[in-house]
Every structure is written in structure tokens, then in C-alpha cells.
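Model the placement of chain R on the given structure of chain D, informed by the hints.
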Amino acid sequence: AQTVTQSQPEMSVQEAETVTLSCTYDTSESDYYLFWYKQPPSRQMILVIRQEAYKQQNATENRFSVNFQKAAKSFSLKISDSQLGDAAMYFCAYRSEYNNNDMRFGAGTRLTVKP
Amino acid sequence: DSGVTQTPKHLITATGQRVTLRCSPRSGDLSVYWYQQSLDQGLQFLIQYYNGEERAKGNILERFSAQQFPDLHSELNLSSLELGDSALYFCASSVGRNRNYGYTFGSGTRLTVV
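Taken in order, these protein sequences are the chains called D and R. Residue numbers for the first sequence, in this note's numbering: 108 to 222. Residue numbers for the second sequence, in this note's numbering: 138 to 251.
Bear in mind the hints are in silico, worked out from the structure with no lab data behind them.
Covered by chain D, per the in silico footprint, the following chain R stretches (three or more residues, Cβ under 8 Å): (1) 181-193; (2) 239-249.
Pairwise CB distance ranges (calculated): (3) Leu220/R <-> Glu124/D: 37 to 45 Å; (4) Pro207/R <-> Thr134/D: 32 to 40 Å; (5) Glu204/D <-> Thr144/R: 26 to 34 Å; (6) Lys177/D <-> Leu220/R: 39 to 47 Å; (7) Met118/D <-> Gln181/R: 21 to 29 Å; (8) Ser202/R <-> Glu124/D: 42 to 50 Å; (9) Thr134/D <-> Gln181/R: 14 to 22 Å; (10) Asp133/D <-> Lys194/R: 20 to 28 Å; (11) Lys221/D <-> Asn188/R: 41 to 49 Å; (12) Ile153/D <-> Ser164/R: 18 to 26 Å; (13) Gln190/D <-> Pro145/R: 31 to 39 Å; (14) Pro116/D <-> Gly153/R: 33 to 41 Å; (15) Thr157/R <-> Lys221/D: 38 to 46 Å.
All C-beta atoms, glycine included, are put in the ideal place defined by N, C-alpha and C.
Next up, chain D with everything else stripped away, as it sits in the complex (with noise of 0.2 Å):
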């Protein structure tokens, strides 16, 4: 069964500075797809940005980019110019392109934002 590693409980970050939040995983399958979630305050769950395994480009989206490392199996988040509306748990999740089970979520990220 695939398995999602986030190993960084809590991180801190200036604002405006960057930032970069680890996750691994672990699979035998050659195809499948990342995400970033994004968990504020409110609790509600926010897609913040996706990768395919197939495509070698790094996602990104406005402040927030991945480095995709498949043979590693790695999928870090980096954000830049970090702001106080970032502060938030951030979960990494996989999800198989062959079964119709579930997305697999890490234990997630404590992200902190001192003004």
C-alpha cells in the first residue's frame, strides 16, 4: 500500500521569506498523482497545487511550486514570499492512476508565519 511521509511536524517562516515543506512517499506504481492540501484555521481543506508522475515539469501555481523528484520519490512544497494568510497545516497526498482507491494523505505540516 502506497504511503505519504511527511517528516517535518512544525515549520516556521518569516513573512515575505521562503520556505520549504518536505514529503515523501512509497510506491511500485509508475503513474499516479500529487497534491498539496492546504488546512487553515477554518479547517476546511484547500487544494493548493498539483503534479502528474508522467510530466518532469514542476507545478506551479502564483507563490507555490513543487520540486518532483520521482526517483527519489519526493514532492516538496516551496513557498515564496510567505504571507500571514499561509499559516495553516499543509497535508501531501498521493493518489494511484490505476485503483479506485482513496487519496493517501501524510500526517501533515504545521506551517507557522512570524510577521
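Coordinates of chain R only, in the frame set by chain D:
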């Protein structure tokens, strides 16, 4: 508004009771997923339905059951509730076939068992 509607938003009930959580998926989405998030924990997959049929089961207790109706809304039934069942229960939906788009989550139902 994500388009996925969950009711109620909050629920407080006593141990041993039974509750029903309701989810209406985003328009056009055929798949519904239920997740449980205990305090400061990650999301644990419970069960998935696609167009009315059960597709996958995760760590769902026997005391819990779900179904998806012809209009695609889904209900999660929790019975013989225990204190440890207190959690945030999320419903998510997706189009089903295209796995690229991820899930759209509802705002969750916070269940407190006292």
C-alpha cells in the same frame, strides 16, 4: 463555497447514540469519499462510493456505514458512538474518472461525543 455541502456543521451527542452525517457532492461529481480527522491528526479514509455503488473501504469500523443515493448525495451513519469517535468528518467528491483533479472537500462535520 467549494460546491460540496455537508450537514450538520456541528453535532454533539452522547455515547451509545446514533447519528447521520449528510453530504451533497459538487454538481457533476459521481464519486464521494468519507474521511475522518481526529484532533491534530491526518485524514483517515473511511469509504468511497461511485454512482451509487461502494468502490473502496478503508479503516471504517463495523459500527459505521454509508450509502450513496440515486441523486448522488451520501450519508454516513455512525452508531453505538464512543468518546473516541469525536472527530471532524469530511466528505469529498470528484468526477470519478479523471484522477488528475484531486478532490473537492466539504467544510466538514465536527462530531463531539460526550
